[in-house]
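Trainee: Two chains, two separate frames, one set of hints: put the complex together.
As given, the protein sequences belong to chains A and B, one line each in that order. Each residue of the first sequence is one higher than the one before, counting from 1 in UniProt numbering. Each residue of the second sequence is one higher than the one before, counting from 1 in UniProt numbering.
What the hints contain is simulated information worked out from the structure, not anything from laboratory work. Note that the structure is predicted; figures quoted are calculated from it, not measured. Hints are not guaranteed to be accurate.
Below are the BS3-like pairs computed for lysine-lysine, each with C-alpha atoms no more than 25 Å apart in a straight line [unchecked claim]: (1) B/46 <-> B/28; (2) B/46 <-> A/278; (3) B/120 <-> A/195; (4) A/278 <-> B/120; (5) B/129 <-> A/195; (6) A/195 <-> B/195; (7) B/142 <-> B/46; (8) B/262 <-> B/234; (9) B/184 <-> A/195.
What follows is a set of in silico ranges between Cβ atoms, one per label pair, in the way DEER data are often shown [to be verified]: (10) B/118 <-> A/84: 51 to 61 Å; (11) B/23 <-> A/188: 26 to 36 Å; (12) B/141 <-> A/141: 21 to 31 Å; (13) B/121 <-> A/261: 52 to 62 Å; (14) B/122 <-> A/276: 19 to 29 Å; (15) A/176 <-> B/55: 41 to 51 Å; (16) A/188 <-> B/180: 37 to 47 Å; (17) A/176 <-> B/205: 20 to 30 Å; (18) A/177 <-> B/234: 31 to 41 Å; (19) B/79 <-> A/124: 49 to 59 Å.
The beta carbon of each residue, even a glycine, is placed where N, CA and C say it ideally should be.
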Amino acid sequence: MMASTQADTRVNGPARAVHSPAGLSLGLGRLFLRYPILSRVVSLGLFFLAWEIAGRVPISYAFPTFFDTAYAFGTMIADGSLISAYGSTLQPLVIGIAISGVVGIVLGIVMGLSRMAEWLVAPLFIVLQSAPMAALIPLITFVYGIGLAAKTLAVIMLALPVIVLNGYKAVRNANPSLVAMCYSFQGTRLQQITKVIIPDASPVIFAGLRLGLAAGFIGVILAELLITPTGIGDLITYHRSVANYAEMYAAVVSIILVSTVTLAALEAFEVRVLRPEKRRG
Amino acid sequence: MTMSDAVFNIEKDVPADAVVEVRGICKKYGEVEALRNIDLDFPRGKLTTLLGPSGCGKTTLLKIIAGLIEPSAGEVRVNGRPVTGPGPERAFVFQDFALMPWATVMRNVAFGLELKGMGKAERQSIAAKYIAEVGLSGFEDKYPHELSGGMRQRVGLARAFAVNAEVLLLDEPFSAVDEQNRRKFQEDLLRLVEKERKTFIFVTHSIEEAVYVSDRIVLLSRRPGRVSQIIEPKIDRTASPDAIRRDQGYLDTVEEIWQGLKHYVD
Ligand SMILES: Nc1ncnc2c1ncn2[C@@H]1O[C@H](COP(=O)(O)OP(=O)(O)OP(=O)(O)O)[C@@H](O)[C@H]1O
Ligand SMILES: [Mg+2]
Numbered sequence: 001m002m003a004s005t006q007a008d009t010r011v012n013g014p015a016r017a018v019h020s021p022a023g024l025s026l027g028l029g030r031l032f033l034r035y036p037i038l039s040r041v042v043s044l045g046l047f048f049l050a051w052e053i054a055g056r057v058p059i060s061y062a063f064p065t066f067f068d069t070a071y072a073f074g075t076m077i078a079d080g081s082l083i084s085a086y087g088s089t090l091q092p093l094v095i096g097i098a099i100s101g102v103v104g105i106v107l108g109i110v111m112g113l114s115r116m117a118e119w120l121v122a123p124l125f126i127v128l129q130s131a132p133m134a135a136l137i138p139l140i141t142f143v144y145g146i147g148l149a150a151k152t153l154a155v156i157m158l159a160l161p162v163i164v165l166n167g168y169k170a171v172r173n174a175n176p177s178l179v180a181m182c183y184s185f186q187g188t189r190l191q192q193i194t195k196v197i198i199p200d201a202s203p204v205i206f207a208g209l210r211l212g213l214a215a216g217f218i219g220v221i222l223a224e225l226l227i228t229p230t231g232i233g234d235l236i237t238y239h240r241s242v243a244n245y246a247e248m249y250a251a252v253v254s255i256i257l258v259s260t261v262t263l264a265a266l267e268a269f270e271v272r273v274l275r276p277e278k279r280r281g
Numbered sequence: 001m002t003m004s005d006a007v008f009n010i011e012k013d014v015p016a017d018a019v020v021e022v023r024g025i026c027k028k029y030g031e032v033e034a035l036r037n038i039d040l041d042f043p044r045g046k047l048t049t050l051l052g053p054s055g056c057g058k059t060t061l062l063k064i065i066a067g068l069i070e071p072s073a074g075e076v077r078v079n080g081r082p083v084t085g086p087g088p089e090r091a092f093v094f095q096d097f098a099l100m101p102w103a104t105v106m107r108n109v110a111f112g113l114e115l116k117g118m119g120k121a122e123r124q125s126i127a128a129k130y131i132a133e134v135g136l137s138g139f140e141d142k143y144p145h146e147l148s149g150g151m152r153q154r155v156g157l158a159r160a161f162a163v164n165a166e167v168l169l170l171d172e173p174f175s176a177v178d179e180q181n182r183r184k185f186q187e188d189l190l191r192l193v194e195k196e197r198k199t200f201i202f203v204t205h206s207i208e209e210a211v212y213v214s215d216r217i218v219l220l221s222r223r224p225g226r227v228s229q230i231i232e233p234k235i236d237r238t239a240s241p242d243a244i245r246r247d248q249g250y251l252d253t254v255e256e257i258w259q260g261l262k263h264y265v266d
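Next comes chain B alone, as it looks inside the complex (with noise of 0.2 Å):
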């Protein structure tokens, strides 16, 4: 805790504050320019969301972020340091899951601490803290195949969360979900964001739902995909999600942002 109070001091008196800095990234597969000189930062301890149109190349931003994709060009840093692969401090939560079929609740949570060669008593009581944190108390010995699409997906947020790292890295979350109970796991999440004080890059293609949670929205343009946008929704987060739902902040964000994605739909 003083460990992290001492560095978040640090790093208050550097003007942009940012974990992570992507710097002129770029990317190709082959003959298919995805990205085109990407350059961005990331605050600490705030929820951005990458949104755009599909195919622009939100996933292959967030994957190389958290290190699993090699950029064509360009450097990410976090926390000052090139990204060369995965780091303890990025964590990713993936938008099918990846949960292992073969692996309790318990086990896929503590996952990440489990390949880290921590012991199974320790491991376990802090997988059981963030599967309680999530929600899903008593699921601890089911196996992925039992729970809902919903429930899965927080299974894949308790196992990022398990692990401690300082950014969470999320690939459209809750794409598995139908509208009544995203509506509730996007509560759920401005809750976390507010307990953990973690780091969020959040992807999503839904309007409403990154005005809802973000407190930065990146607007990617079209393939290749280039920042076209930023905007940083000025919605007052105390209120009651109704009220947040119904205000007029929250209405002109969405409108704006509509406004600056219509002339991608053809």
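Bound-form chain A, shown alone (with noise of 0.2 Å):
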């Protein structure tokens, strides 16, 4: 029972959790916490309906219900339109997303082991990171053209800075006590690197993926949307330009169901492959 609890919030993933409404009995609580398959799914359930129920009253003619929008979902899986969406979209997201996880993850190694490259390199990141990164989309078009070259650095841009300085601030922050002790066994420093300092590091440089992975997605649906009218972007414009709300939401949910599996996706894999200790209590 236990063993399979954890199971369950290993997979979904922590970062998703759905948190049942306030209102529900004591009882019923109890029953949620035993199977939290249960609860999600209830929750989700309350959360259709309510969506239901507010697309009948309606509250807006541009606003769908549920089963509207889930019939649109369906019509444009059989007809093709979303996968061939999301072929030209995910592409350059996992080109942009690959090469700025180990760009990012390298360079954010490096700065923080190295005063030098911190020094160089950080100042650049952190201005990235706090300007405006949408208004700067544009810009890409101007100077690349359209195309995939243009989505990629647009997933590069957004992706990019948050994880050059998660792993930064991980490694810069890695617990000197553990530094200490590998040296006091005679560790070298590239020991005291890849056995210490990087494990140590993960959780955070892990957590600059997945935020960096978000930011991903907001840049290839930004730039789809802004400058190359392609892929889901252009499915989501053109259903709002003919007024097909329904099939405009469809592609709007799709997008959160695809980022939600993927980042579940990666947390799996840190928790299985880097740390171990985080499967169980």
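Mentor: Rendered as structure tokens:
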């Protein structure tokens, strides 16, 4: 029983924990505690119900009901438009995240280890992170035209700063007592970095990757909405322009779905590979 | 075995057989003078305690001996060789355990050997022996957060034993343990001292603990730390723990140290 509870938490991840509405009775609360999956299903169900009711009222003619949206979602999958849209959206996202992930983690670790690198590079990323990136996205059009390169660049622009800065902070704040321990057992500098500093920093590095991935999603959608009308962004724009609101909502919801699943997968990977102790208690 | 016996015999002819010699150590942290001109010898195979008021520089001195901190002046020699950094003949037990939370008890204990590049099977069999010795058999696959404070400290102790260093440096190893467990650990420590025949340098601020476990007690004065007194408790360690704690010699030594330290307490 315990084991299965923990397994559930692990796969779904605490990041997306869904809280039950406050009004529920204690007995129900206990039931949900025992079966966290149930509480999520019920909570989502209530949300969809509220959506359905709000859609039927209706609060606006541009606000479809849940069932209309779900139906539109099914049709868009069936006619292949959703799949092909994701084909062109995910490609720059994957390339951009892969580049940002590798470059960002390496750069972050180097900055965390070397004062010189920190001095040279950190200010740039601190400025970039606080800049209103959405406003800078249209610049890419001018520089790179439209297409895969522009979308990939948009992903990198949004994802890289947060990945770099998290990696840098994580390494800089690695537990000094563990570093001293490794040194006292005559660990080399390389062993210190690979066996102590990076594993110690990995939760924060991974938090950076998750934030970077979320930012990358924003980047690619913004690029599609603002500069290169393709992929899922184009699907949204198109259905909005022809007032197919159910289809538009289905496309938006699908983005939330895809990003949630990706983030949960990343978290499951982290727990499995880097920090096995988190699997227990 | 024969090697160490041989070394021991040679060393025995030298009148003062000190493994660790501390010569004129001074340490300043900026304006703060932590240690002033410390001269000390740590005899081989004995447990020497550094005792003194909080902030007098006990941890600093221990870390200088370990080679983790550079002294501002003076020199530490281990087996006659000047210390320039950590070395295989010394192992440190950290006050805050310094266990890797992502590693099991087994990996933590074997970590010193892993860093030396020893193969997995070999280092695990050595680690298993010391895990058993500190009474943690059955906990090999647990992670540090699944252990109590006292158990974590034992992991740190086993890790230091596993690298088979001659000199063990222990910084307040029992500070995270309650009184009952503390007494038990002190007895375990005495048993390990007996069994391992190593040199222990032990930091504590408990007078009773110092008298109970030590062959020699070095009293440090308040900052800047200087050696104020060296006491060798004459206690019959073959007696039962309870008998020792009621022994007149034990009680007198505790009192003597207390008198010596009392004027530091305002
Ligand atoms: N890294 C440091 N930078 C500046 N001052 C320090 C540093 N480490 C220790 N000190 C100072 O040096 C003095 C001795 O510190 P140390 O930690 O060696 O004392 P201690 O005897 O171990 O004390 P305690 O019994 O409280 O552990 C203290 O006054 C402390 O404030
Ligand atoms: Mg201390």
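Trainee: All hints, please: hold or fail.
Mentor: Hints versus structure:
A hinted pair counts as satisfied when its Cα atoms are at most 25 Å apart, and residue 46 of chain B with residue 28 of chain B does not qualify at roughly 29 Å. Proposed proximity of residue 46 of chain B and residue 278 of chain A is contradicted: the alpha carbons are some 41 Å apart, above 25 Å. This hinted pair checks out: residue 120 of chain B and residue 195 of chain A have alpha carbons roughly 15 Å apart, not beyond 25 Å. Only pairs whose Cα atoms come within 25 Å are accepted, and residue 278 of chain A paired with residue 120 of chain B is accepted, the gap being roughly 24 Å.
Restraint check for residue 129 of chain B and residue 195 of chain A: satisfied, since their Cα atoms lie roughly 23 Å apart, inside the 25 Å limit. About 32 Å separates the Cα atoms of residue 195 of chain A and residue 195 of chain B, which puts this hinted pair outside 25 Å; it is violated. The straight-line distance between the Cα atoms of residue 142 of chain B and residue 46 of chain B is roughly 33 Å, outside the 25 Å bound, and the hint therefore fails. At most 25 Å may separate the alpha-carbon atoms for a hinted pair to count; residue 262 of chain B and residue 234 of chain B meet this at roughly 22 Å.
For the hint linking residue 184 of chain B to residue 195 of chain A, the alpha-carbon distance of about 34 Å lies beyond 25 Å, and the restraint is violated. A beta carbon spacing of about 55 Å between residue 118 of chain B and residue 84 of chain A agrees with the range 51 to 61 Å that was offered as a hint. Between residue 23 of chain B and residue 188 of chain A the beta carbon distance is about 29 Å. The supplied range of 26 to 36 Å therefore holds. In this structure the hint that residue 141 of chain B and residue 141 of chain A lie 21 to 31 Å apart at CB is violated, the actual value being about 56 Å.
For residue 121 of chain B and residue 261 of chain A, the hinted distance range of 52 to 62 Å is not satisfied, since their beta carbons lie about 41 Å from each other. One distance hint, 19 to 29 Å for the beta-carbon pair residue 122 of chain B and residue 276 of chain A, holds here, with the actual separation near 23 Å. For residue 176 of chain A and residue 55 of chain B, the Cβ-Cβ distance of about 20 Å falls outside the hinted range of 41 to 51 Å, so the restraint is violated. For the pair residue 188 of chain A and residue 180 of chain B, the beta carbons lie near 42 Å from each other, so the given range of 37 to 47 Å is met.
The supplied range of 20 to 30 Å is met by residue 176 of chain A and residue 205 of chain B, whose beta-carbon atoms lie about 23 Å from each other. In this structure the hint that residue 177 of chain A and residue 234 of chain B lie 31 to 41 Å apart at CB holds, the actual value being about 37 Å. The given range of 49 to 59 Å is respected by residue 79 of chain B and residue 124 of chain A, whose C-beta atoms sit roughly 51 Å from each other.
Checked against the numbered hints given earlier, this structure breaks hints 1, 2, 6, 7, 9, 12, 13 and 15; the rest are met.
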